[in-house]
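K.L.:
Each chain, letter by letter, is given below.
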Amino acid sequence: MDSPLLPEGVKRCSLGLFLLWLLPWLAILAWGGLAAGLCLIKGLNQTNMSNIFAFALWIVFDLGVIALGAGAFFTGFLTYVIGRKELKNIINAAVIIGFICYSGATAMLGIDIGQPIRGWFIFWHANIHSMLVEVSFCITCYLGVLIVEFIPLILENRKLDKVKELHILGHNLHHVMGVIAATGTFLSFFHQGSLGGMFGVLYGRPFAAREGFYIWPWTFFLFILSAIAAGPCFTILCTKLTEKLSRKKLVPDDAYKLLAKISGWMLSIYMVLKIADTLGWIYGVAPNAGLKFMDFYREGPYGVWMVVVEIFICGIIPAIILMSPKVREQQGWLVFACLLNCTGVILNRFVFIIVTLAVPVMPFDRFWSYLPTWQEWGVAAAVIGYGFVVFSLAYRYLPVFPKETEFNPVTE
Amino acid sequence: MTPFSFEWVWNVEYIIFFGLLYTALTIVASCVGIAVFKTLIQLFGFIRERHF
Numbered sequence: 001m002d003s004p005l006l007p008e009g010v011k012r013c014s015l016g017l018f019l020l021w022l023l024p025w026l027a028i029l030a031w032g033g034l035a036a037g038l039c040l041i042k043g044l045n046q047t048n049m050s051n052i053f054a055f056a057l058w059i060v061f062d063l064g065v066i067a068l069g070a071g072a073f074f075t076g077f078l079t080y081v082i083g084r085k086e087l088k089n090i091i092n093a094a095v096i097i098g099f100i101c102y103s104g105a106t107a108m109l110g111i112d113i114g115q116p117i118r119g120w121f122i123f124w125h126a127n128i129h130s131m132l133v134e135v136s137f138c139i140t141c142y143l144g145v146l147i148v149e150f151i152p153l154i155l156e157n158r159k160l161d162k163v164k165e166l167h168i169l170g171h172n173l174h175h176v177m178g179v180i181a182a183t184g185t186f187l188s189f190f191h192q193g194s195l196g197g198m199f200g201v202l203y204g205r206p207f208a209a210r211e212g213f214y215i216w217p218w219t220f221f222l223f224i225l226s227a228i229a230a231g232p233c234f235t236i237l238c239t240k241l242t243e244k245l246s247r248k249k250l251v252p253d254d255a256y257k258l259l260a261k262i263s264g265w266m267l268s269i270y271m272v273l274k275i276a277d278t279l280g281w282i283y284g285v286a287p288n289a290g291l292k293f294m295d296f297y298r299e300g301p302y303g304v305w306m307v308v309v310e311i312f313i314c315g316i317i318p319a320i321i322l323m324s325p326k327v328r329e330q331q332g333w334l335v336f337a338c339l340l341n342c343t344g345v346i347l348n349r350f351v352f353i354i355v356t357l358a359v360p361v362m363p364f365d366r367f368w369s370y371l372p373t374w375q376e377w378g379v380a381a382a383v384i385g386y387g388f389v390v391f392s393l394a395y396r397y398l399p400v401f402p403k404e405t406e407f408n409p410v411t412e
Numbered sequence: 001m002t003p004f005s006f007e008w009v010w011n012v013e014y015i016i017f018f019g020l021l022y023t024a025l026t027i028v029a030s031c032v033g034i035a036v037f038k039t040l041i042q043l044f045g046f047i048r049e050r051h052f
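Chains as they are written, first to last, in the working numbering: chain A, 1 to 412; chain B, 1 to 52.
No lab work stands behind these hints: they were computed from the structure.
None of the values given here were measured: they were computed from a predicted structure.
Any given hint might turn out to be false.
[To be verified] Restricting the straight-line Cα-Cα distance to at most 30 Å, the calculated cross-link-like pairs of lysine-lysine (DSBU-like) are:
(1) Lys240/A - Lys257/A
(2) Lys292/A - Lys85/A
(3) Lys159/A - Lys88/A
(4) Lys38/B - Lys88/A
(5) Lys38/B - Lys248/A
(6) Lys164/A - Lys38/B
(7) Lys162/A - Lys38/B
(8) Lys38/B - Lys403/A
The whole structure should be built from the sequences, with the hints applied where relevant.
P.N.:
The following block contains the structure:
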């Protein structure tokens, strides 16, 4: 029924099967919609957030998806600014994933601020010394950049492409994409950094506080590095999942190899700096605040094991795999390393957000625990459902992978 | 105070922050504007339409 809308020369499943595939994701979206509606109508009392946990599950998801969405800006930078032509075969997927991550995160923030009708306050009453203001400005602007990057791909839809005006506009937008990608890189660089800087300047919480360079704590640079290490890995994972589900080869191996290699280098540099930062924190920041390293892990479920998992299992191991050409060329190892890398960055954001707020600071303090409500889980899960719906629609109706027809010729 | 920031103060920090922000926004808006403008003049036949 929808065959006139499908890209030319590709095979897609029937519309009925496609709708059946969308059904569970739409159900998750409906759950999220109900939860969001409750939060907007009744207020944030629907959540387990409190004065202690003003940042909670939603911010973990936010920071997680924003780090994973960094594949868009970094792949865009490599493709359009550095000129790595082989990445043109994966850049569309990276842009869509970035768009999903950033628009999902922005929508979730709309619920998180409690009164979205006053969301514009942060722009109008801008406190320019606040890392959070820089984050808000840059994320909003970068979402605009992602929309501009996404539009030419939407205009390549078979039906839309037949409209002469849209066809020419799409191609003219392609011509200015290099400058837009460079601007997106600048915006993304600063908000990824400021998200980290936000925790590094929490001087009253030695678990997160760090020293740094000029106005930027070391976490500023570590968050940028971890995002550009994990973002391309998430793009690889999403593309591999699409290949698995569609049972087709969609992207040439050289694009995967290049992204994996760059990701490996970035992760290795990040790991060296992260270990140095952790040692500086253990022997510098904590003693200066009158605390010992183990004081942070006195109570609660968060222990030294988190440091071990984050640095060794989800950091050093994937870095070694991605740095070894022979190993990363094997699909199983590549997917395993990408999974570990992405898990590591999410764990890192969880530690900085939840553990920072949970661990006691003063001698008379106690450990604070927090468990999200079903409404919080609903809104967070909706971002995943939304991602699957948008990516599925894009894959079905847009020429996301330029080499798809070449790799999978339709014989009929 | 300017229409673009309610609490605008004439100091270097505000100028750097908003300067960078408006530079980025101007670049993106200009690129989109150029693409739209080129499309219009191609459609109206002022420059030769390129065949893609």
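K.L.:
Now look at each hint and say whether the structure bears it out.
P.N.:
Here is what the structure says about each hint:
1. Lys240/A - Lys257/A: holds, 13 Å
2. Lys292/A - Lys85/A: It is violated: about 50 Å lies between the C-alpha atoms, which goes past 30 Å.
3. Lys159/A - Lys88/A: holds, 23 Å
4. Lys38/B - Lys88/A: holds, 24 Å
5. Lys38/B - Lys248/A: Violated, at roughly 38 Å.
6. Lys164/A - Lys38/B: holds, 13 Å
7. Lys162/A - Lys38/B: holds, 19 Å
8. Lys38/B - Lys403/A: holds, 29 Å
When held up to the earlier numbered hints, the structure conflicts with 2 and 5 and fits the remainder.
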